[in-house]
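Going line by line, the protein sequences match chains A and B. The first sequence maps to residues 141 to 466 in our numbering. The second sequence maps to residues 141 to 466 in our numbering.
Hints may contain errors.
Heads up, the list lumps identical chains together, so a pair's fine if it works in one copy or across two of them.
[Claimed, not checked] Computed cross-link-like contacts, DMTMM-like style, restricted to lysine to aspartate or glutamate with a CA-CA straight-line distance of at most 20 Å:
1. K395 / E236
2. K384 / E411
3. K332 / D223
4. K384 / E443
5. K395 / E411
6. K332 / E315
7. K395 / D192
8. K332 / D454
9. K195 / E224
10. K395 / E428
11. K395 / E342
No lab work stands behind these hints: they were computed from the structure.
Here is what each chain is made of, one letter per residue.
There are 2 protein chains.
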Amino acid sequence: MRAVTLPSPGGPEALVLAEVPDAVAGPGEVVVDVVATAVNRADLLQRRGFYDPPKGASPYPGLECSGRISALGEGVAGWAVGDEVCALLSGGGYAEKVAVPVGQLLPVPAGVSLLHAAGLPEVACTVWSNVVDLARLQVGEHLLVHGGTSGIGTMATQLAHRRGAIVHVTVGSPEKATAALQLGATTAVLYKEQDFVEAVREATSGHGADVVLDNMGAAYLPRNVQVLATGGRLVVIGMQGGIKGELDLATLLAKRASVHATSLRARPLPEKAAIVAGVLADVWPAVEEGDVVPVVDRVLPLEQAGEAHQVLEDSTHVGKVLLQVS
Amino acid sequence: MRAVTLPSPGGPEALVLAEVPDAVAGPGEVVVDVVATAVNRADLLQRRGFYDPPKGASPYPGLECSGRISALGEGVAGWAVGDEVCALLSGGGYAEKVAVPVGQLLPVPAGVSLLHAAGLPEVACTVWSNVVDLARLQVGEHLLVHGGTSGIGTMATQLAHRRGAIVHVTVGSPEKATAALQLGATTAVLYKEQDFVEAVREATSGHGADVVLDNMGAAYLPRNVQVLATGGRLVVIGMQGGIKGELDLATLLAKRASVHATSLRARPLPEKAAIVAGVLADVWPAVEEGDVVPVVDRVLPLEQAGEAHQVLEDSTHVGKVLLQVS
Chain A
141 MRAVTLPSPG
151 GPEALVLAEV
161 PDAVAGPGEV
171 VVDVVATAVN
181 RADLLQRRGF
191 YDPPKGASPY
201 PGLECSGRIS
211 ALGEGVAGWA
221 VGDEVCALLS
231 GGGYAEKVAV
241 PVGQLLPVPA
251 GVSLLHAAGL
261 PEVACTVWSN
271 VVDLARLQVG
281 EHLLVHGGTS
291 GIGTMATQLA
301 HRRGAIVHVT
311 VGSPEKATAA
321 LQLGATTAVL
331 YKEQDFVEAV
341 REATSGHGAD
351 VVLDNMGAAY
361 LPRNVQVLAT
371 GGRLVVIGMQ
381 GGIKGELDLA
391 TLLAKRASVH
401 ATSLRARPLP
411 EKAAIVAGVL
421 ADVWPAVEEG
431 DVVPVVDRVL
441 PLEQAGEAHQ
451 VLEDSTHVGK
461 VLLQVS
Chain B
141 MRAVTLPSPG
151 GPEALVLAEV
161 PDAVAGPGEV
171 VVDVVATAVN
181 RADLLQRRGF
191 YDPPKGASPY
201 PGLECSGRIS
211 ALGEGVAGWA
221 VGDEVCALLS
231 GGGYAEKVAV
241 PVGQLLPVPA
251 GVSLLHAAGL
261 PEVACTVWSN
271 VVDLARLQVG
281 EHLLVHGGTS
291 GIGTMATQLA
301 HRRGAIVHVT
311 VGSPEKATAA
321 LQLGATTAVL
331 YKEQDFVEAV
341 REATSGHGAD
351 VVLDNMGAAY
361 LPRNVQVLAT
371 GGRLVVIGMQ
381 GGIKGELDLA
391 TLLAKRASVH
401 ATSLRARPLP
411 EKAAIVAGVL
421 ADVWPAVEEG
431 DVVPVVDRVL
441 PLEQAGEAHQ
451 VLEDSTHVGK
461 VLLQVS
C-alpha cells in the first residue's frame, strides 16, 4: 500500500509518500481501506519529531479516517467486510489501509458523506470526552473555546450550543468571527484586538466561563484562570503557547476551580472505546439531526499532505482539512 | 457573652477576650452555647489580617465548635433546646455562644465526648468534601497527604485507610512519622530528609499518587504534579508555601491529571449543608465504629487562645488543638 512516511523530522517536505507493507488486522481489529483522513495539529508535532506515536501504533501520521472495512481480524463481531465506517486512530490514517481496533470504529452518520466523515472522529471524541464527560458542561453554562474555527472549535461550538450551553470563542480574524457566530457562538472575541478575559466577563455580566477548552497551554494559563467562574473547569488539550505556565492557586481556590489536561492518543484501548461509545450515543444523534455538521475547510489529495500541513501552520482555515486517499 | 475578638491584626497577642453582645439565632439558625472550639490554620491567617470572614459571618475566629443548643430561630425543625451538637461554622466559634445555620449542625457521634467533638466538623467536612466527594478516592488507590499529623492529616489518613485506600504522608519528625503510621498510613516520608516524589514512587512501585491532598500550594506544586499517577487528582486546600507556582502542563497532560483548589468557608449555605450531610452519612459511621478517632493534641482554656495559636505556628502538635469555653 501507499502511505505518507516520515523518514526524518522536519517541515512539510518531511512527509514522503512511499510504498510500504499492507496494514494487517490483529485480533480484535479490522482493516479499513481508507477513503479519506484528516490533518490534526498533533500530526504537525509528530512530523517535527515532537510527538512520537504511542507504543504499538502505526508509525505513519493520521489520527482518524473514513473508509470501507476490507478484512476482519480474529474475534471481530458486529462488523462486516464492505461496511462504511469512520474511525479514531492512534496513527496510520495517511495510508491506503489502516488496522483499527473495533472499539474505535463508528458508523458514518446519516446525512454525512463518506469523505466528510473522515474529519469527525477526532474532534467528536476530543470534544465529547473533555467538554461533556470530563468537564460536565451543563445547560445554561458558559463555555469558552479558544480557536473557535479550528476543527475542535467548530465541533465544540456546535455541540455545546446544541446541548443548551452559551458559547464564547476566540478567533483571529473578523471572517472567522462570522463563521463562529454562524455555528452557534454567542460571542466571538478577536483575541488580537481584545483581552478575552474582559470580553467574556462583559458578555457574561461578570459571571465568567464555567468551562474553558484551551489549546494554548502556558501562554493563556493565567488569563484562563482569571476568566473562570466559581466552580469553573479549565481543560487544556493543546500547548501551542508553551508548556510551563504560572498558576495562581489563590484565585483557583477562591473560585473552587480546577485545571485539567488531557490527550486522547495515549489512552488505553478500553478508555478509547468508552469515549467512542459516548460519541455514538451523544454526538451522532446531533449530527444526524443536523445540529452538528462537519465543517470542512478543504479537501486535498493524499499526495498534497505537505500543502495540507502548511494550511494548518498558517492557521487560515475554518474547520477540518481533509486528505482524500481513494 | 465573652468572645475572642480581633481589634487589629497581628501575632497571637492580637487575640483579645472581651465582652460582646450575645449571638442571636436568625431564621433557620440555632444558638449553640459553646463547650469547646478548635484552632484551624485559617484562624491564624484571619488573625494576621489575611483572611477576612465571608459576608454575613461572625467577625470572631472559630470555624467549628461543640456545645448545647440554647435557642431556636424561626423555622427550625428537627433540633431542640438542650441537644448536644457539634457544628461547622463560618466564624464565631471562639465565643460563649454562636449562631449556626441548621444545615451545619451535626449530632455528637457515639463514643466521642462533647469536648472532643469540637475538633471534628472542620476536618471531617474538609477531608470528605475534597478526598471523597471531589477527588473520588477509590478502594486500592494511593493517597498522599502532606502534613500527615495535622488535624486534616490525621482525619484524611484514618478516613482513607478505612475506605480501603493506601495512605502516604509527609511529616516533619520521626515522632510524627510514628503517630501517622499508628493512624493507618503505610508510608511516612520525613520531608526534611527525603524527596517525597522519590519516596512515594518507591513506595508505590512507580505508580505515584492517585490523589494528593496538599496544604503547601506553590512551593509543592511542581513536585505534586510529578508525583501524580496517570489520572491523578491534586487537591490544594492550603497555601502555606505560597500562592503562585509553576504548572507543567505537559506532565499534567501526559498523565491526564488535574489540579483542584477549594475552600469550605466561602461556600454558599446549600453546599455546606450538602457536605455536612455527606459527613453524617460517610464519616460519622466510621467514627462510631472506632475506625476514625478524634486526634487531640491538647486542650487549652479559651483565655489561652494566643498560646493555642502559637502551638500551630510552631507545628509541634499532632492532631487538633482545642479551646475549652465552658
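ask   = In ascending order, which of the hints set out earlier in this document are inconsistent with the structure?
value = 1, 2, 3, 4, 9, 10
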